[in-house]
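J.: Sequence:
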Amino acid sequence: AAALERHEAAWAQLESSMENNTGPVRMSDIPWPPEGASITGVCPGDPAPVAKRRLAAALRRWHPDKWRRILDRVPSSEQALVTERVKAVAQRLLEEKARLTGPGGVLR
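Numbering-wise, my numbering puts 97 at position 97 of the sequence shown, and it's gapless, one number per residue.
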């Protein structure tokens, strides 16, 4: 739970930075989810409405089409790397969604 809170705080900081200045957004500025960790933040035992809300938020955040406003601020030398990383996170998220909605999943 603490890791999820830190990640959400880092996203809030990125959003605030994008609103308040016009500088570039570097790959290192983006709060990427840790490898092997849940992207949604859904924990075993979470009630279905909480899990559903977290899944929907993660799907919105990591959908590649939603990244245009961020990618427009990424230096051209890093755009391909950021795009590939977003696609990799989105793929991990789809796998996590399948676990959550499949047999034994909290959203089954």
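One or more hints might be untrue.
[As the list claims (entries may be wrong)] The calculated lysine to any residue pairs, modelled on SDA-like cross-linking and capped at a C-alpha distance of 25 Å, are:
(1) 66 / 103
(2) 87 / 74
(3) 66 / 26
[Claimed, not checked] What follows is a set of in silico ranges between Cβ atoms, one per label pair, in the way DEER data are often shown:
(4) 83 / 45: 17 to 27 Å
(5) 53 / 9: 14 to 24 Å
(6) 20 / 102: 12 to 22 Å
What the hints contain is simulated information worked out from the structure, not anything from laboratory work. The C-beta atom is built at its ideal place from N, Cα and C for all residues, glycine as well.
J.: If a hint holds in the structure, say so; if it doesn't, say that too.
T.: Going through the hints against the structure:
1. 66 / 103: violated (30 Å)
2. 87 / 74: holds (16 Å)
3. 66 / 26: The given pair, whose Cα atoms are some 17 Å apart, holds under the 25 Å limit.
4. 83 / 45: 17 to 27 Å: Distance hint for residue 83, residue 45 is violated at roughly 35 Å.
5. 53 / 9: 14 to 24 Å: holds (18 Å)
6. 20 / 102: 12 to 22 Å: violated (42 Å)
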